[in-house]
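Generate coordinates for the entire structure from the input sequences, incorporating the hints supplied.
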Amino acid sequence: MNTAVSPPLVKAWGLLTMSVLTRTLREGLVLRALIWPALIIALTLLISATFVAGLYASKSAAVPEVALAEVLVAKGLDARVYADPEAAFVSGEVDRAAFEDAEGWVLLARFDGAYTTIMESELRARLGAAWRPMIIPRAGRNAALGPTTRLLVGLLAVLFVLYGVVFGAGGLSRDLQDGSLDAERALPLPSWVHAAARLSAAGVALSVAFAASVGLIHTILGVNAPFAWCVVGGLSGLGGAAMGLGLMARAGRAESLSGPLSRGLVAVTGLMALGYSAPTIGRQLPVASVGALVRGDLPGVGAALTTLLLCALAAWMFDRSAR
Amino acid sequence: MIRPARVFAVARRDLKVVLAGKGSWRLGLTALALLLPAGALPLPEFKTPLEIAQAAGDIPPSLADRIQHNPRFGLRMEGEAPVLVHTSRVPPPLREVLDTLPGEPTVRFDLRATEFPVPQRGLLLALLSLSLLTGPLTESLAGERSRKTLLSLLTASISRGELALGKWLAWAGVSSVMTLAVALSGRVTGAMPLGLWCLGLPLASGMAAALGLWLGRDAEDEVDGAARTLRALPVIALGLFGAAYGLNMVSPGLGAVVPLGGALLLAGGLLTGVTPVIGAVLSTAFGVGALVWGVARALDAEGDPRPSPALSELSHLGVGAAVWWLPVAGPAAWALAGNPDLGQSLSPAAGVAVGGALFGLYALVEALRRHWSLAELLNLPTEGVRSLYFPRAALVGVALSLSAAATAALPFPDNGWLYAIRLRLSAGLDPGWAGWIPAIVAVAGQELMFRGLLQRAVGPLRAGLFFVLVCSPLDPLRGAAAAAALALLAQRGGVPLALIARLAWALAPESLSIASPGGAWVALAVAVGAAALGAERPLGFLGRR
Amino acid sequence: MLRAMNLVKSFHDPAGGVVHAVAGLSLAVEPGVIYGLLGPNGAGKTTTLRILATLTRPDAGEVHIGDIDALRHPVEARARMAYVPAEGGLPARLSALEAVTLFGEVQGVPKAKDRAMELLHSLGAGAYVGRECAQLSTGMKRRVVLARALMHDPGLLLLDEPTDGLDVQGRLDVLQLIQSLAAERRAVVLSSHIMGEVERVCQRACIIHRGLKIAEGSLDELRALGGAEALDDAFVALLNAEPKP
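Residue numbers (the working numbering), protein chains in the order written: chain A, 6 to 328; chain B, 164 to 708; chain C, -4 to 240.
Simulated from the structure, these hints should not be mistaken for lab results.
Relax, there's no trap hidden among the hints.
Straight-line distance between alpha carbons at most 27 Å, and here's what the computed BS3-like set of lysine-lysine pairs gives: (1) B:179 x B:311; (2) A:16 x C:106; (3) C:108 x A:16.
Footprint (simulated), chain B over chain A, 3 or more residues, beta carbon under 8 Å: (4) 34 to 40; (5) 104 to 115; (6) 221 to 227.
Just so you know, even glycine gets a beta-carbon here, dropped at the ideal spot from N, CA and C.
The structure is reproduced here in C-alpha cells:
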C-alpha cells in the first residue's frame, strides 16, 4: 500500500495555487468584481470624452486679418477672415472670434479648451503681450494629468486592496465552513504550504486583474508610471490578502467572517492613510505604498520585502491556528 | 385586482422582518451618517484648486505675493518677458492676476459659454437615499429567498402584484419619510429652504425602490442581490439623470419625461413650473408601475428553473467589443473632443497590446469556468494536425496580407469621427502597424478568443460573425473573408494553424501588399480557397464542432 | 497500525473556564479492523479524530501511525493515512475529477488523473466526474470524498460520520465500501453515533463521553458491559452509569 512519493513542495504549492485560483475565478461574483471597476472607469471616461467632443469639437474661428487666419490654420483651427468677426460669432456662424474695438483686442469664445487657448496664445504672441498661455508639449507621459491619473488609479488600487482582504478572509472562512480546509490540511504537506497557496492565488488573481485595469485606463487616459502602479497594486492586493488570511486564521471557527473582515478593512485603510500622510515611510510598506504613490512617491524595495514579511506572518498565524 | 389591505399587510410585515433586532439601528445610523450631513448641515466653504490663483514652476517676482506656488499643480509658469503659462486652460483667478502685469490686458478674454445649471443639494439627498435602500431591498426579496421564507409567502392568499406592491410601498415609504425629514431639518438649520423640489424626494425614493426590487428580482441570495443592486442602481440612476439633464438642456422641462431622471431633476431644483412637475410625477408613476409589474411577473415564475448562469452568446459579443474597442479605438475620442494633444500622447501600440491581452485573458478565464483543458481551448482536433497544413496556413496568411487594398474598393462615409475610429480599428485585421510585439499579443489574443473559445462554444459561423463585428466592423467584407479562411484552418488544426496564418499575415512586409483593389480581392479568394482545399466537407465548418 | 496513548486536549471556553474535549484517551487499531468511535454529540469524537489526523495538536499524549511518531513527524504520518471530515470538504467549484486528481497529484501519485477516473468509476461516481462538487447529491459527494481519500492508497482511514445525511441505500453502499476497504488490510477508524451501522461493520469500538473512554472492546464485550442485548441499549446504559457533571 501507499507507493506514492510526495512531489517537491514547490510543485505541491503550484498545484494548490492553481486549484484555489480556479475555484476563485469560477465564482461569478468574484470575477465580475474584478472586471467591473476598470470597465466602469473606462466607459465613464469615454462617455465624458464623447460628451466633451460634442461641446468642444468645433474648431471654427473668425478673425479680421489674413495673416492671423493663416497662423491659426497652421495650428489646426478652422479660421476665416470676416469683415465683422463679432457679428459672425453672435450669429452662431463661428465659435471663436478675435477683433479690435476701441479699448483693444477682444477674444470671444463659446467654450474654452485647447483650441481657444491656442488662438489666444497666437493672438497674444502677435501683439507682444506680457504673458501668453501655451499648450504643454507632452512627450509620452502626460505630466499635467499626473495628479488626476494618480488619484483615479489610486482609487482603483484601494478597491483591489479591499478585495485582497475579502479574498484572504472570505476564502478561508468558506473553506473552514465546508471542511475543505481540514481535508487539505490532512495532506502530507507542511501547513504553511496551504497558506502560501491561498496567498499566491489571491496575489495572481488581483495582480493580473489590476494590471489589466491599469492597462485599460492607461490606453485611454495615459497613466503616470503604469508599471509602478502595477507593482504597487499587486503587492498591496497581496498584502491585503495576507492580512485577511492572518486575521481569519487567528479568529478560527470561534468567530464569523464579519469580525476579521472589519478588522482587516480598518487595518488596510489605516495603512493607506499612513502612506498618504507620510509617503517616505509609506513607500516602503505594503498597502501604505498605495497612499504614497497617490502622492507621487514611487515604491521602494522595502515594499516588496515587507509584503513578503507580512505574508510570512500570515502563514505563521495560519500554521498556529491548526494547533 | 389589488386589495389595499393586503398590500399594507405585506409592507408592515416586510418592515418588521428587515428592521427587527439591530436592523432598525443600522438603517437609522446609516441614514444619520449619510443623509444628515448632505441635507441638514451647512456646508463648509472651500475653494477648488481652479478657484485659487496658483501655479507650479517659476512665478515672476512681481506676482509672487499674489500667486500661490504649488509644485504639484498641473499648470506651470516660466520666463518673464513674456510670462509663459503652460496649460490648456487659464483659470480665471490666475488670469485676473496676470492681467495686472505692466501693459496688460492686451487681449480681453470673454467666455460666453452655454450655462449649465448646477443642481441644488436636494439631488445629493435623493442620490444618497438610493444607496440607503440597497441593504433593505436586498433583504426584502433576495434575503427572503435565501431564508426560504419567500415560498411560504407566495403560498399565502395574496396575489403576486399585491406582494410586489407591498414590498415596494414599505421601502419607498421609509426612504421618502427619511429624506423628507432630513429636508425639513435642513429647513430648520437653514441649510436648505423648502419648496416644490421636495416633491422630487419621494418620487426618486419610489422609483429607486422599484428599480432596486426589480434588479434583485431573481437574485439567488443576499450577496448576489446586494452585488446586483450596488453595481447597477447608481449607474442606472446617474445614466437616467444624465439623459434627463440633456433633454432639459434641449428644451426646459423636457427632462421630466425620463423616469427617475425627472424626479432627480425636480429634487435638484432644475424643474420649474407646474407642467414639468406633473410630467415628473407621471413618468415616475409609469416607471414604478412597469417595474413593480416586472417584479410580480418574476415572483410568478418563482421556483421555475432559472436560466443557466453561463454567458450568453450576446454577452461574448458585448465583452469582445468592450475589451477591444475601449483600448484600441477609445483614445480617438480625445482627439475629437478638442484635446488632440492628449489623444496623440496615448500610444496606439499600447492599446493594441492591451486589447489583445484582454482577449487572451477573457478566453483563458472563460475556459477555466467551463472546465476546459488547454487542448479544448486551443480547439485542437482529437485526430491531430496533418503536417501538410502548417505550410498551407502560412500561405493563407501571406495571401491575406496581400489584401489591404481591398478596403479602398468599398465606399466609406466622409465623416471625420468614423474615419479616425476606422484608422484605429484597422488594427483588428492589420495589427502590424502597432509594432511587432503588440501585433503578436493582439493576434494571439484574437485567435484564442475567436478561433479557440468562440469557435468551440458557438460554432465557426457565429464565431466568424462575432470576429467581423468586433475586429473589423468598418471593413466587414475583408473581415468576413479573413474570418472564413481562419475558421476553415481552425477546423483542421485549431488555434495553432490560425495563429500561423495570422502571424504570417501580421509580420509580412508591407511591400508585398497588392496595390489594386481587384487584385487584393483575388488574394482574399486565394486565401479562402487555400484554407478550404482538401477539406472532405468544405462546408462542414458551418456546423458546431 | 494506529496507536494513541493518553491523549489530552482542552480548549478555552469563550464563556469562561476550560473545556476538556479529550481527557486521557488511548486506543489501538490493527490493519483490517474497523474500529468504531462512539459517543453522544459533543463527546470529543471529532477532536480525537482531528488529533489522530495530526490536524490538532494534543496537550499531552502520543500518536503512532505504524512506526512513525505522528506528533513529531506529522507530514510523514499523513502520507500513510487519509482523513475524511464530517462536512466532506469538497471544494464547491471543482469538478469531482479535478478534486480527486488534485489530491493524487499533490501526493505524487503516478498517473493521478487515470487513477482518479478508475476510483470514481469503481465507487459508482463515474457518471459525475465532470460535474462541479456543489451540484452533486449528498450520496455522490460521499463517494467522491472516499475516492479522494483512497487516491494515495492509505493504510489508515479516519472517517468522521461518513454516512451523515445519506439515504438508506446510500448508507448501505458506503458501509459496504468501508467493509471492502478493511478487507484490503486497511485500518479504519469510524466515528458515529448511529449504533446500527456500527453493529453492521465494526469489529471493535470504544465509547467516549466528555472526552473520557468509558468502555472499549468487541461489540459483544460492549453489550455485556452495558448489560443489554442491543448495542443501543448498552450504549445508553453505559452513558447513564457515568456520574453527572
